[in-house]
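Trainee: Here is what each chain is made of, one letter per residue.
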Amino acid sequence: MEHNRNMESVSASILTTPAWRLRPALQRPVPVLAAGQVHEVHGQGDDRAAGLAFALGLGAANRSGTVLMVRSGGRPSLALYGEGLMLLGIDPARLLLVEAGDAATLLRAGLEGARCPGLALVLLESEGPLKGYDLTASRRFVLAAERTQTPVVLLRHAAKAQPSAAHTRWQVASAPSQPLAAPPGAQVRPPGLPALAVEALRWRGGPAGQTWHLQWDEQHGGFRDTTGTSNRSENGQAAPSGAVLPLAALRAG
Amino acid sequence: MPLALVARSGQALRLMAVERDAARHGLAPGMTLADARARCPDLLTLPHDPAADATLLAHLATAMHSLTPSVMPDPPDGLLLDISGCAHLFGSEANMVEKASEITALSTIHALACNPAAARALARHGTPAQRRAEDVAALPVAALDLSEEAASALRRAGLKRLGDLATRPAPALAARFGEGVVLRLRQLTGDVAAPLAPQPMQAPIRAEARFAEPIARTDDVLEVAEDLLRQVAAQMEQRRLGGRRFALTLHRSDGARRRLQVETGQPTRDPLVVVRLLRERIDSLADPIDPGFGFDAITLAVKRAEPLAARQTGLDQAEENQDNLQALIDRLGVRLGQDAVLRLIPANRHMPEQAQVQTPAAKWNGTVSFALTTMPRPLLLFDPPQGIEVIAGVPDGPPLRLRWRGTVHEVVHAEGPERIAPEWWRQRGGHMGTGAERTTRDYYRIEDGHGRRLWVFRRGLYGTQTTPAWYVHGLFS
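In the order they appear, the protein sequences are chains R and L.
Position 184, counted from 1, in the first sequence is what the working numbering calls 184; the numbers after and before it change by one each time, with no gaps.
Position 67, counted from 1, in the second sequence is what the working numbering calls 320; the numbers after and before it change by one each time, with no gaps.
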């Protein structure tokens, strides 16, 4: 009896404990932007493209439907570029852009989008402190997203994290890429595919505090976790087979 | 300046219509353009557009409904109005004519007669004196609108005027010149009816509610609006229409009116969709609705309607999503203005910043998409490009170090150059290559020590008079 009870308690702990905590080396979770949840992506002012690529690549690339992107006005000089979106696997025809003047309009338009069923992703982009975004506002987003099962992502450039009801919060920055093979006669090697350094600042029921090095997978689309492989290749050593794609060959082909 | 419209007929360009000044120079429709130029060297010409004429005529026919309910367009350039029993409403027939020419705002020729065929013949073939006297008998035989052979046969027989024909016995005319002559003649004299086929007047789609006691609360107003929308939806369903523009007018008890207008991207009959738009409109008003002592009456009019067939709902998920999206675009457009809800459209241009445009989503329904490129293109684009200071190899080496916004970036990896030359075909004398070496751009994709990937370019080539300037144009992820 005693023995059986021990067995039960052990199996119960296995069932309740997430798999990644039991065997972290083998089952390392990759960042996901779950549907029907609110996610915050923080970034430095210069890393706007990195945060955007993270949100689009993880939130929209594997879902069909329209991507609603609400941008706060005032910085019209930095426009989304259609051909660049194509390279990330997002057809610009799927994109609906909304220029919101101030923070209140931004949140309101975003909430409208989150309440609309059938969207692939609702993306709100703001810079600096976002007035009016607090626990209540974010909870409203969560309720809307849960009903429509749309992921809602707030891209917050150069902003401090605030308490909110968000499911995850990420810090995203550009990371050194895996350079391609130098063409004949060139002294420097061309930069490689998009690469991101991602840290989970907060992840409800997930590995908060972990960091990843994500790299764009040109063959399958989407970002792939390459943590631990990039450092070695940066030092000029051969990368382990299968971990890093032969980029030069891909580009040439 | 004399003006004429020209079109190609056969091998020659011929005048199709002439303006009054040109007519004074002796030009007339049907003349070849070469002849017209010989008479009047400073003649201005524009291409003749029959489709636009037809649109204008249909528009004028609709406008004429303010004079009489029975209007028939007589293409290409005529309108037949049955004014029986209408003239007294305007005082006299002369007043009515004046009103009609006011509505058209064009120089017009009119004729009044006791039947439509006679009025038409007088207007098209009569002289001013004949038109004034309503003298059908004095019209030339061409007014019968017969074929050219029949008309010349009549003329050869010495029958020049309709009056000459009217005195001859009809059986003899029919035997010699055909039955058509007699029929047309009897239509002109009114012996045989020549009925109009009037363009039916579209009743406006509207509904109205009047109250015994004024109402003041916005919620009440919207509730009434929903009820009115149900009424107009029933009207539109019968006519298989859907509204695109709805105007709600609130009549205040002191006589003031407040008008709210909403537009939808797709024709709709759904009251709830429009009520939601109206609520958005009321919420986003700069000056809120002041009910004063309340509203006496509320009217709702559908200003613009388009065909909308009945549809089975709840079957097709993709279609439903499309409807939801369209409703979202409408709602956002009402709140933020239609210019704030945009879509990215490719433009067929060479320079990266001109290769795409942002178009209001409500106005664009196409499916044109970007082509997948093999060249590196950034995710975000600076417009205009931002100036930087660069140390680079001459003549076309990539940057080695750059200073941007006061920060120095060491370039670790670089790719390039990709040369994008200016669009010489858009510049005056561009094919000569003048100025090309100053505006040609060499693009490089670079990566700095922190992993930031930038798209930078050099404007101009080394070796020209000016030193080339460097710019950051885009950010890669």
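Think of the hints as simulated: they come from the structure by calculation, not from any bench.
The reader is advised that the hints may include incorrect statements.
Stated by the list, open to error - Okay, the calculated beta carbon distance ranges per label pair:
no.: 1; chain 1: L; residue 1: S537; chain 2: R; residue 2: D134; range: 48 to 54 Å
no.: 2; chain 1: L; residue 1: D507; chain 2: R; residue 2: G36; range: 37 to 43 Å
no.: 3; chain 1: L; residue 1: Y715; chain 2: R; residue 2: G221; range: 50 to 56 Å
no.: 4; chain 1: R; residue 1: G36; chain 2: L; residue 2: S537; range: 36 to 42 Å
no.: 5; chain 1: R; residue 1: G101; chain 2: L; residue 2: A287; range: 56 to 62 Å
no.: 6; chain 1: L; residue 1: Y715; chain 2: R; residue 2: R28; range: 48 to 54 Å
no.: 7; chain 1: L; residue 1: T612; chain 2: R; residue 2: A35; range: 28 to 34 Å
no.: 8; chain 1: L; residue 1: Y715; chain 2: R; residue 2: A35; range: 49 to 55 Å
no.: 9; chain 1: L; residue 1: D523; chain 2: R; residue 2: A208; range: 41 to 47 Å
no.: 10; chain 1: R; residue 1: G101; chain 2: L; residue 2: G545; range: 57 to 63 Å
Claimed, not checked - Beyond 10 Å from chain R on every Cβ pair, some chain L residues (computed):
no.: 11; residue: A593
no.: 12; residue: D636
no.: 13; residue: P637
Each residue gets a CB set at the ideal place from its N, CA and C atoms; glycine is no exception.
Trainee: Now tell me if each hint is right for this structure.
Mentor: Checked hints:
1. For the hinted restraint 48 to 54 Å between S537 of chain L and D134 of chain R, the CB-CB distance of approximately 23 Å leaves it violated.
2. In this structure the supplied range 37 to 43 Å is violated for D507 of chain L paired with G36 of chain R, their Cβ-Cβ distance being about 51 Å.
3. Look at Y715 of chain L against G221 of chain R: about 40 Å separates their beta carbons, and that is not inside 50 to 56 Å.
4. For the pair G36 of chain R and S537 of chain L, the supplied restraint of 36 to 42 Å is violated, since their beta-carbon distance comes to about 29 Å.
5. Taking the beta carbon of each, G101 of chain R and A287 of chain L are about 60 Å apart, inside 56 to 62 Å as hinted.
6. For the pair Y715 of chain L and R28 of chain R, the beta carbons lie near 50 Å from each other, so the given range of 48 to 54 Å is met.
7. In this structure the supplied range 28 to 34 Å holds for T612 of chain L paired with A35 of chain R, their Cβ-Cβ distance being about 29 Å.
8. Against the hinted window of 49 to 55 Å, the Cβ-Cβ separation of Y715 of chain L and A35 of chain R comes to about 53 Å, which satisfies the hint.
9. Between D523 of chain L and A208 of chain R the CB atoms are about 45 Å apart, so this pair conforms to the stated range of 41 to 47 Å.
10. Distance hint check for G101 of chain R and G545 of chain L: the Cβ-Cβ separation is about 31 Å, which falls outside the suggested range of 57 to 63 Å.
11. A beta-carbon of chain R is positioned within 10 Å of the beta-carbon of A593 of chain L; the least distance is around 4 Å.
12. For D636 of chain L, the condition that its CB be more than 10 Å from all CB atoms of chain R is violated, with the nearest at approximately 5 Å.
13. With a cut of 10 Å on Cβ distances, P637 of chain L falls inside the contact zone with chain R, its closest approach being about 7 Å.
Hint check: violations occur at hints 1, 2, 3, 4, 10, 11, 12, 13; the rest are consistent with the structure.
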